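Each chain, letter by letter, is given below.
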Amino acid sequence: MSYLHSEKAGIVSTGVRHVGDVVVRWLPLLIVTGLWELASGWVVVETVLPPPLDVLIIAVDLVVSGQIVGDLLVSLWRIIWGLSLAIGVGVVLGVTMARVDPIEDFFGVFMSLIYPLPKTALVPLAVLWLGSGSGTAILVVFLACLLPIVLNSYNAAESVDQNLVWSAKMMGTSDRDMFRRVVVPAAIPEIITGIRQAVPIAFVALVSAELIAANRGIGYRILSYGQLGIYESMLAVIVVISLAAYVGVRGFERIERRVLVWT
Amino acid sequence: MNEGRVIASNVEKVYRSERTPTTAIEDLSFEVGDGEFFSVVGPSGCGKSTLLYLIAGFLDVTSGMITVNDHAVEGPGTDRGVVFQDYALFPWKTVMGNVTYGLAENGVPKDERRETAQHFIDTMGLDGFEDTYPKELSGGMKQRVGLARTLAYDPKILLMDEPFGALDQPLREALQDNLLDIWRELGKTVVFITHDVEEAVYLSERVLIMTRHPGTRKQVIDIDLDRTQDREAIITSEEFTETKNEVWRSLREETKHTV
Amino acid sequence: MDVTNIARISRHDVVEGAKSIYSLILLIALWELITQAGLIHYYFLPPLSDVLIEGYELTVSGEMIQASLLTLKRAFLGLLIATVLGVPIGILIARNRFVGWFFDPIITIGYPVPIISLIPVFMLWFGIGDVSKIILVGVGTFWPIAINARNSARAVNQNLIWSARMMGTPKRNLVWKVVVPDAAPGVLTGIQIALPLSLIITFVFEMVAGGGGLGHLEIQGVRSFTSTQTYATLIAIMLIGFVLDGTLRKIRRRLLRWA
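Residue numbers (this note's numbering), protein chains in the order written: chain A, 1 to 263; chain B, 1001 to 1259; chain C, 2001 to 2259.
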């Protein structure tokens, strides 16, 4: 993205150029949307491929009128719970696995068993235990996000610079405090990377669970609009969830940069 | 007319980045004769490497001109061969594959390719490593491959960008002597970039000292050493020490400004 | 850093081979003990022995094998389409201004779309059959493959390109001779990331739309209250995932011996 990337402009003349750059940069998207608009009704029936403008208007309407806000909040609630649980359990598990050998011996084998498992295969298991509803979705998000967080925390804590530990010891940090005062702070950047990797996974897991077993939430709403034949609304909800995912990932990156100013 | 003359006249190189253009080289002129060993030294950031890449044709001059055998440089050509500091070997090719690459690109038939490559592999003391991949070689070995592959396709001019900078002292000395033997035997023109004054004086017939930022010609010093002697005799000789000090003093005036 | 910067596959010895498996044996024993003692409802957790018997029966009857083949066919064909399109497009994005200009914003917008949410759309557009599933897998795995190809083609060492140029490689051959081989490890990483994704998409599609396959078989167990079938399928999926992951890693080692 380097060559078309423009910097924040300060002066008027560069400001104008900046606007031009933005237009040039996003023009391809406009072209694709234009083609879609053309295709809709001409090449494909409008019910099957609704025009993008209609979809956008409905997307805005669904949010503004509050029709979808309930589902959005439910989904958000599930994803936050699932992700928080995964972070809580995953970081503790990963870091202790790296520093305490018996813990690693105990959990290592499960990690290597779960690692190559495509995580959506866990949805039926969650349904089996918890039926359909929030519990299932939270469990699926939790399980799907757990591994990247554990692995990154493990790697982070495992590779803490030994010189840091030694110099802390030299300056009088006790073994008991070492963990809290040196190992964890030193591992934080990589732990956060693991969490960032987990955010998009969380969205995939959430939508999977909601498509298969839910009677509320964004995924459920997409499916039910589809079954009812209200295709504009179905696409509109997808636009909304994509936006939410985009904001989620971008937002997390921003937080990451803010938190890790010292790296 | 297969000669290796390089002439730079009033060369200027400006990098146009996002906003502020940076002048790397300004009004630089010099001449390197056919078969000459010519070194360029200067403080870091003086545009030595830029100069080399301009001669190689990887970069374009902003104004002025560089000619090789009276032809203006317009892009890379097989009359010039660069030896990079980071070796720049193709990691997916074996030693043999790297050395034969240039020959293959120039339409040399397969048998002949192998034969020529083998010769230079042997010259550089790499025999036995023909089927080894670069990642399995030490830095010194990699640079031997870098030299071998450049020599193999027989450019008239060798352009060397701090080629031994990353190596430790004994290895560096061995490769320096290797290079001198090759230079004498094959009669190549060598343009050698370094920040090591001793290396420059030991190897070359003339040294160009560049000023710091923007880089331009400060001084060219002739080096007159009795090259029939061995390394130890040369570096302990009075001429060597004197020339070294002269280059060093000139260079020091430049670095002083930076601190 | 942008959203589309896919990290390397992070893993450690911890997933490559556990040091000890006593905990697994302990868990299995505990599982069998608790379930045989009737401490937990059969539907929630049937004894492992029953699960294994169910798995055996499903395999002997051919049901499991057929479902596996169906799922693998869908995942692989989708992955194949994504690779054939994604690798060249990704490399072109990096090396060609126009292609880069066109696709970069599309990737920025398209990549974060949770691909699973398109299942109902694909059911509308292409039905619930194989074609629909294969296309969705293709679309979903296109992004990581193209993005990894793009990022690694962008990161190609400039000195390698210059090396090839000086040895006589014409500009139009650079992509093939330098960019593709140098980007190969990154491209393969993209495919390694896409492989589990292809299965993830296939499973959910099969669970939502039916039409056979492992995802269907697994969810069917839940819906027909034969939880042994769900557990048996899950174990089969785990084995398949294990084998595929290992195979891909082996292929990588074989292909990229030099890296």
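Worth double-checking, as some hints may not be accurate.
[As the list claims (entries may be wrong)] Only pairs whose alpha carbons sit at most 25 Å apart, straight line, appear in this in silico SDA-like list of lysine to any residue:
(1) 1093/B / 2139/C
(2) 2177/C / 1137/B
(3) 1093/B / 2192/C
(4) 1093/B / 1074/B
(5) 1135/B / 2081/C
Hints are computed from structural coordinates only; laboratory data are not their basis.
In this text the structure is predicted, and so the values were computed from the model without any measurement.
Discussion item. For a quick check of understanding: which of the numbered hints are violated here, in increasing order?
Written reply: Result: hints 1, 4, 5 break, sorted rising.
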